[in-house]
Amino acid sequence: MHPAVTLVLGGAASGKSDFAESLAVHSGKARVYLATAQAYDAEMRHKIDRHIARRGAGWTTVEAPLDLAPALQGLTGQQVCLLDCATMWLSNQMMAETDIGTAQAGFLSALDACQAQVIVVTNEVGQGVVPDNALARQFREAQGRLNIALATLADRVVQVTAGLPLALKGKLQ
Amino acid sequence: MHPAVTLVLGGAASGKSDFAESLAVHSGKARVYLATAQAYDAEMRHKIDRHIARRGAGWTTVEAPLDLAPALQGLTGQQVCLLDCATMWLSNQMMAETDIGTAQAGFLSALDACQAQVIVVTNEVGQGVVPDNALARQFREAQGRLNIALATLADRVVQVTAGLPLALKGKLQ
Amino acid sequence: MHPAVTLVLGGAASGKSDFAESLAVHSGKARVYLATAQAYDAEMRHKIDRHIARRGAGWTTVEAPLDLAPALQGLTGQQVCLLDCATMWLSNQMMAETDIGTAQAGFLSALDACQAQVIVVTNEVGQGVVPDNALARQFREAQGRLNIALATLADRVVQVTAGLPLALKGKLQ
Chain L
1 MHPAVTLVLG GAASGKSDFA ESLAVHSGKA RVYLATAQAY DAEMRHKIDR
51 HIARRGAGWT TVEAPLDLAP ALQGLTGQQV CLLDCATMWL SNQMMAETDI
101 GTAQAGFLSA LDACQAQVIV VTNEVGQGVV PDNALARQFR EAQGRLNIAL
151 ATLADRVVQV TAGLPLALKG KLQ
Chain U
1 MHPAVTLVLG GAASGKSDFA ESLAVHSGKA RVYLATAQAY DAEMRHKIDR
51 HIARRGAGWT TVEAPLDLAP ALQGLTGQQV CLLDCATMWL SNQMMAETDI
101 GTAQAGFLSA LDACQAQVIV VTNEVGQGVV PDNALARQFR EAQGRLNIAL
151 ATLADRVVQV TAGLPLALKG KLQ
Chain C
1 MHPAVTLVLG GAASGKSDFA ESLAVHSGKA RVYLATAQAY DAEMRHKIDR
51 HIARRGAGWT TVEAPLDLAP ALQGLTGQQV CLLDCATMWL SNQMMAETDI
101 GTAQAGFLSA LDACQAQVIV VTNEVGQGVV PDNALARQFR EAQGRLNIAL
151 ATLADRVVQV TAGLPLALKG KLQ
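The listed protein sequences derive, respectively, from chains L, U and C. For the first sequence, our numbering begins at 1 and goes up steadily by one. For the second sequence, our numbering begins at 1 and goes up steadily by one. For the third sequence, our numbering begins at 1 and goes up steadily by one.
One or more hints might be untrue.
Unchecked claim - Okay, the calculated beta carbon distance ranges per label pair: (1) C:Tyr40 with L:Ala42: 27 to 33 Å; (2) U:Arg50 with L:Leu135: 14 to 20 Å; (3) L:Met95 with C:Gly101: 30 to 36 Å.
Hint data in this document are derived by calculation from the structure and do not stem from the laboratory. These figures come from a predicted structure and were not determined experimentally. C-beta: ideal position from N, C-alpha, C; glycine also.
Please model the entire structure based on the sequences and the hints provided.
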């Protein structure tokens, strides 16, 4: 049996999305890509295009930059959902100035009730020096709390470093 | 037997203080909270208050922003001391412009001689890009050296990521 | 038998160079230090001098800030080479405005063909908040991709935190 919820955690360009995609492919289930990214500038557009090209065919893409609940509620037990990523979702919430606590509670509740296997990708952002600006400090606090909540709910947590997975909760296989 | 000194290392908002507190509670000993934080602004005041509320009753709090030796020397074998945290202590030293090498030697010597079980919380700050300003670079070098010295002295070192512990030295239990 | 290529990964001041040096010393082979650092300012000069003093005698030093291939090609199976570090090398490439993809391909190809045991030190730089400036973001993306490529090629990957090694690929001993 596959774990219901897997959290894949890593730094920027750590290979976490690649690893999460390989988990989805190996599940053998119908694959849904739950995309949180918004192409608000050229740099982000380029990054999204690179990810789309890498994934290739075989994915149904659902875009949900802010409200993940409807997308998660629509999934079935025959599907595997790759949610990429919780960091972009959190960033979208902060830019939209929603209440983070309420948004997080809604996300976690929908994740817990989801019928599909879900793989959530998220970033580690708290291991540098204290950021100069208050918004960045607020973001890393919120990201840390979200990661803790996701890791608590998840059946499996995998940290990816230089493309290499390390199970922090549950087993890799 | 409990390890004499445990180092709990993690990023910002990684759940390291929660984990360290649970270690202290599970020791069954009389708990002393050795607080290094100074409430020099509203953001820090808010953070301190949140930590106090979470810990709840059952703790004796000792404030020691700069000189940890007297507090550590006063402890007995019936106590467990949670020192939260070495990063704030280092930051206080740098703001006070003390000699870091001398201050660190004094801290480590008092830690080594301490009769109580001690759990030291510290931050990982060296895994982001090189900071723009020289003081931040100096801080992350000093923090790295302090963490290495603490990990060398400690009987047990636990890294906390998204609330999940990983033993880097010694055993979790 | 020693692993042909070992990658030693860690944050700033994490003890990664110390650990890598101990691996080289314990190999019992003739030691070559492949230095990528350029002393372009006093801070870097100080850091280089500190590293030289720590290593002590018993090393042949080869300086190669940009083109690593000739140095790697000149090594034999009786030698162990400590390449310190891939992050400085990448930074040198970016300052020289070379094509990173081409430079990386040349480095990896020379590493793969090298007759000596090689220990490559590299930095984790992607675990802080998103940097403000585009060059820093570009750097951490490039560093992440380089680390993944090096980890893929390496027989052994060791992450160093507070001086403590954790094998992410292969075995410590």
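Structure-based check of each hint:
About 32 Å separates the C-beta atoms of Tyr40 of chain C and Ala42 of chain L, a value consistent with the hinted range of 27 to 33 Å. Taking the beta carbon of each, Arg50 of chain U and Leu135 of chain L are about 19 Å apart, inside 14 to 20 Å as hinted. Take Met95 of chain L and Gly101 of chain C: their Cβ atoms lie about 32 Å apart, and the range 30 to 36 Å holds.
This entry satisfies every hint, going by the numbered hints stated previously.
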